[in-house]
Amino acid sequence: MSEDLVNIEVDGIPLKAKKGTMLIRVTDEAGIRIPRFCYHDKLSVAANCRMCLVEVEKAPKPMPACATPVAEGMRVWTRSPKALAAQKATMEFLLINHPLDCPVCDQGGECELQDVSMGYGEGISRYSEAKRAVKDKDIGPLIATEMTRCIHCTRCVRFGEEIAGLRELGATGRGEFMEIGTFVEKSVTSELSGNVIDLCPVGALTAKPSRFTYRAWELVQHASVAPHDGVGSNIHLHTYNGRVMRVVPRHNEAVNETWISDRDRFSYTGLGAADRLTAPMIREGDQWVTTDWETALTRVVEGLRGQPAEACGALLSPQASVEELYLAQQWLRGLGVRNLDHRLRQSDFSDQDRAPLFPYLGDALEALEQTRACLLVGSEIRKDQPLAGHRLRKAALGGARVMAINPRQVPFNFPVAETVSADPRGMVLALAGVARAALERAGRTAPEGFKALLQAARTDETVRAMAQALAEGEGARVLLGVQAHAHPHFALLRALAGLVCETTGATLGYLPDGGNGAGAWLAGAVAHRGPAGESLDAAGQTPDQWLQPGLKGCLLLNVEPDMDCEDPARVMKALGSAAFVAALTPFAGEALKRVAHVLLPVATFAETSGTYVNVEGRWQSVAGAAQPPGETRPAWKVLRVLGNMSGLEGFEYLSSEEVRDALKDRLRAAGVEGFDTVYRHDGASLAVPEASRGLQRIGAVGPYGVDSLVRRAAPLQATQDAGAHALARIHPRQARSLGLEEGDQVEVRQEGLSARLPLALDEAIPEGCLWLPVGVAATRHLGRSHGAVELNKV
Amino acid sequence: MAGNPTQRKSDVLNAHVRAEIDDWLSRYPQDQRQSAVLGALRAVQHEHGHLTTELMDAVADYIGMPEIAVYEVASFYSMFELEPVGRHTISVCTNVSCMLRGADQILAHLEQRLGIRLGETTPDGRFFLKREEECLAACCGAPMMQVDHVYYEHLTPEKVDEILDSLE
Numbered sequence: 001m002s003e004d005l006v007n008i009e010v011d012g013i014p015l016k017a018k019k020g021t022m023l024i025r026v027t028d029e030a031g032i033r034i035p036r037f038c039y040h041d042k043l044s045v046a047a048n049c050r051m052c053l054v055e056v057e058k059a060p061k062p063m064p065a066c067a068t069p070v071a072e073g074m075r076v077w078t079r080s081p082k083a084l085a086a087q088k089a090t091m092e093f094l095l096i097n098h099p100l101d102c103p104v105c106d107q108g109g110e111c112e113l114q115d116v117s118m119g120y121g122e123g124i125s126r127y128s129e130a131k132r133a134v135k136d137k138d139i140g141p142l143i144a145t146e147m148t149r150c151i152h153c154t155r156c157v158r159f160g161e162e163i164a165g166l167r168e169l170g171a172t173g174r175g176e177f178m179e180i181g182t183f184v185e186k187s188v189t190s191e192l193s194g195n196v197i198d199l200c201p202v203g204a205l206t207a208k209p210s211r212f213t214y215r216a217w218e219l220v221q222h223a224s225v226a227p228h229d230g231v232g233s234n235i236h237l238h239t240y241n242g243r244v245m246r247v248v249p250r251h252n253e254a255v256n257e258t259w260i261s262d263r264d265r266f267s268y269t270g271l272g273a274a275d276r277l278t279a280p281m282i283r284e285g286d287q288w289v290t291t292d293w294e295t296a297l298t299r300v301v302e303g304l305r306g307q308p309a310e311a312c313g314a315l316l317s318p319q320a321s322v323e324e325l326y327l328a329q330q331w332l333r334g335l336g337v338r339n340l341d342h343r344l345r346q347s348d349f350s351d352q353d354r355a356p357l358f359p360y361l362g363d364a365l366e367a368l369e370q371t372r373a374c375l376l377v378g379s380e381i382r383k384d385q386p387l388a389g390h391r392l393r394k395a396a397l398g399g400a401r402v403m404a405i406n407p408r409q410v411p412f413n414f415p416v417a418e419t420v421s422a423d424p425r426g427m428v429l430a431l432a433g434v435a436r437a438a439l440e441r442a443g444r445t446a447p448e449g450f451k452a453l454l455q456a457a458r459t460d461e462t463v464r465a466m467a468q469a470l471a472e473g474e475g476a477r478v479l480l481g482v483q484a485h486a487h488p489h490f491a492l493l494r495a496l497a498g499l500v501c502e503t504t505g506a507t508l509g510y511l512p513d514g515g516n517g518a519g520a521w522l523a524g525a526v527a528h529r530g531p532a533g534e535s536l537d538a539a540g541q542t543p544d545q546w547l548q549p550g551l552k553g554c555l556l557l558n559v560e561p562d563m564d565c566e567d568p569a570r571v572m573k574a575l576g577s578a579a580f581v582a583a584l585t586p587f588a589g590e591a592l593k594r595v596a597h598v599l600l601p602v603a604t605f606a607e608t609s610g611t612y613v614n615v616e617g618r619w620q621s622v623a624g625a626a627q628p629p630g631e632t633r634p635a636w637k638v639l640r641v642l643g644n645m646s647g648l649e650g651f652e653y654l655s656s657e658e659v660r661d662a663l664k665d666r667l668r669a670a671g672v673e674g675f676d677t678v679y680r681h682d683g684a685s686l687a688v689p690e691a692s693r694g695l696q697r698i699g700a701v702g703p704y705g706v707d708s709l710v711r712r713a714a715p716l717q718a719t720q721d722a723g724a725h726a727l728a729r730i731h732p733r734q735a736r737s738l739g740l741e742e743g744d745q746v747e748v749r750q751e752g753l754s755a756r757l758p759l760a761l762d763e764a765i766p767e768g769c770l771w772l773p774v775g776v777a778a779t780r781h782l783g784r785s786h787g788a789v790e791l792n793k794v
Numbered sequence: 001m002a003g004n005p006t007q008r009k010s011d012v013l014n015a016h017v018r019a020e021i022d023d024w025l026s027r028y029p030q031d032q033r034q035s036a037v038l039g040a041l042r043a044v045q046h047e048h049g050h051l052t053t054e055l056m057d058a059v060a061d062y063i064g065m066p067e068i069a070v071y072e073v074a075s076f077y078s079m080f081e082l083e084p085v086g087r088h089t090i091s092v093c094t095n096v097s098c099m100l101r102g103a104d105q106i107l108a109h110l111e112q113r114l115g116i117r118l119g120e121t122t123p124d125g126r127f128f129l130k131r132e133e134e135c136l137a138a139c140c141g142a143p144m145m146q147v148d149h150v151y152y153e154h155l156t157p158e159k160v161d162e163i164l165d166s167l168e
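Going down the list, the protein sequences come from chains A and B.
Quick note: the first sequence uses UniProt numbering, first residue 1, plus one each step.
Quick note: the second sequence uses UniProt numbering, first residue 1, plus one each step.
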């Protein structure tokens, strides 16, 4: 170790550094500030802005600190007359073509160019000739461009290539005519694209939804956590007069590094949606009337009390905080309501008793980078959990074999090894094939119960290669993604994944939907377990069982029943027939207004304190940042009051921290310390799924359909990802045999229900399947997300 | 990429161009396929006269590199034409040696005879008077011009007429 270290001296300060490290990294760590534009810690070195020139002993010319490796005995001066002259000259060159109108620029006040020119530039410009002007580009609804301000640092270009894995921006032309852009008119489509806004050191790339609506110095910064996926990206909410004006990443190397997804960045734009609920409302006949909290709360308590508890249920959002979910289940169970769940999109609960304490990734997020082989089952990780996808991408670029068994061929932004795309039955048989190949390799016989399944398994080169990679790859993993959790045979997938892991030594991991899926399990927001995984005297029914006609009463916590649930048609029907439905919700959506009897306005993640547990089991507590609109109250307070009004004990919490600590105490009391994902099948015979007849529906929630807030974020809904997700998709050969063409308006029929939407031809869809999106308006009147459907041209 | 890949963007490249690109690809290591982009673009331009976005996308698809990276290369080099141009490309050298030997008169003669300005194409699509080239390393034969890939040296207006007449 010590022989790798070299001694250098910077501005007279002796420093030790690893040989070959770039000088700027060493000075940054030592707190010696060298100005820079193109250098970024997470990107490759371009050394094209020349701002970081410093004087190095024995070097005839100033050297760029970002591209100068340290060597023994090196002596550097960052503020010597020679260094300063070079920096000043660079600054002058950069400002030749840069507009000097900071007061009208959106970046003004937080501009690296402005800051550095204050420190290193001249007060006046010697340049009196014409400046160049560059036409602005339209690169989509999220990023505004003002390309005359661009100083060609190429951070955005390198970000696309190195981090997003999707090279969309480039430097075209040369010399005076060089421009950064897409060259052809197109939107950038990366799910991480918004990060170039932070990377851009000048005002060339700024946030389109928020530009010109504030000045950076007017904003108040609040630390928070994004609730839209299981990564729990750390963010800063920037508020002005209590309103969230924008969201930027908060650096946390272990979670999101320095990036956030576009979903986490722009979801705040839905906070002020037109249907935001600002006061409690009750239904009087066919009319919705605004009322006060006391009336509304009394109505809720009495309404639920008036129904037999066993005929009542509750749907709780997997985006809700730990505190909200814990109090909700305390209150409901206190009332005797046992049917409560956050697993809104799940349809197969048959193995829930053997489920782990919570759907755990199996390791730290950072460990995904070290895996040498990873099998994704039902996971579009790149769009579902973009920053977990980024970790896996790093592993893949390092040579890891990433494989997938998915309903459709997912576009990856990194090299992938074997992939299978198949209908639900085909996915099971493919994973069974991996299990069978793994057993054969290990020379083991199939455990009890698997015989029939392995007999029917797919046997080909692909599944054998998958088994081999998992058996040989260090730190191998099998990850069950969002679509595995929604799979009609989730239990079979889990049993097989468990067997594959047991046989190959791979680690099983979960990547469920929701920002707090893990927290929901820990808080006891499942029918069959209490908080801390405690067993219950009497388990409740699963949502597929109780969300049926005959339902009497229901509570919805930030759930839009036609968008957030498996089989929206059945859920809406059940709710429609219930005598009493209450919803705690930030938004008064159309569906809620149709089925609910009381609407209680509750705060979103940005407006209340709360805790979210991510897929690695990391508890992250945040404080409320924005002012909740109107009469809106934090949901945890509403639930606490409901508990008090119901005459229940143990609802005396004064802060959300107390609620959280109460749950932590229960975890401690239950002896929960470590956790794992080891899953062993109980030996019962597993049946081969029946072959299905006709066109099979497959589909999933798109990245911008995951929750009520994201669905109301207009800029996200204007993206290509959202647009591409609102289509029915079918393989071109299948379309030809049905006489259908790209862009046709089609009618989809499913068990007497129908929906109309445009058709896209897509080779990524297996033949025999029809991809229908979930969580979009077009399909909210349909039923199960799987099963037979008919397709006709309108 | 997903979407609709029933047709590939590289389908527009004909067998001849594909053979040329394959030849370039064979000269570089497997993991350095993008090195062939210059040769590929030259082959495509030779075949089609100029580079359209469609053709550049085809090259990107064929080589397997991002489209924007092909645009970067094509827009950087002045030898690539991104707009339609005439069949014959005429580049007159006006650098020091040629200038001293009367390149300006040669250029003026060309402009007058063809009825177009520098950077324009004749209406019949026959000639393209390319933006002037810098030194083409034929100072000993100054003044000179390059028509398509051929050097013509010791130019006089009469000689220019002769050359132009001999071209289709």
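Be careful, since some hints might not be right.
With a cut-off of at most 30 Å between alpha-carbon atoms, the simulated DSSO-like pairs for lysine-lysine come out as follows [stated by the list, open to error]: (1) A:K19 / A:K394; (2) A:K135 / B:K9; (3) A:K637 / A:K664; (4) A:K186 / B:K159; (5) A:K18 / A:K42; (6) A:K42 / A:K16; (7) A:K793 / B:K159; (8) B:K159 / A:K394; (9) A:K82 / A:K135; (10) A:K186 / A:K42; (11) A:K208 / A:K42; (12) A:K19 / A:K82.
No wet-lab data here; the hints were simulated from the structure.
Hint check:
1. A:K19 / A:K394: holds, 24 Å
2. A:K135 / B:K9: holds, 28 Å
3. A:K637 / A:K664: Distance of about 19 Å is within 30 Å: holds.
4. A:K186 / B:K159: violated, 49 Å
5. A:K18 / A:K42: holds, 18 Å
6. A:K42 / A:K16: With Cα atoms ~22 Å apart, K42 of chain A and K16 of chain A stay inside 30 Å; holds.
7. A:K793 / B:K159: Measuring from Cα to Cα gives roughly 69 Å; hence the hint is violated.
8. B:K159 / A:K394: violated, 63 Å
9. A:K82 / A:K135: violated, 37 Å
10. A:K186 / A:K42: Holds: K186 of chain A and K42 of chain A sit about 26 Å apart, inside 30 Å.
11. A:K208 / A:K42: holds, 24 Å
12. A:K19 / A:K82: Cα-Cα ~25 Å, so holds.
The structure is inconsistent with the numbered hints 4, 7, 8 and 9, although it conforms to all the rest.
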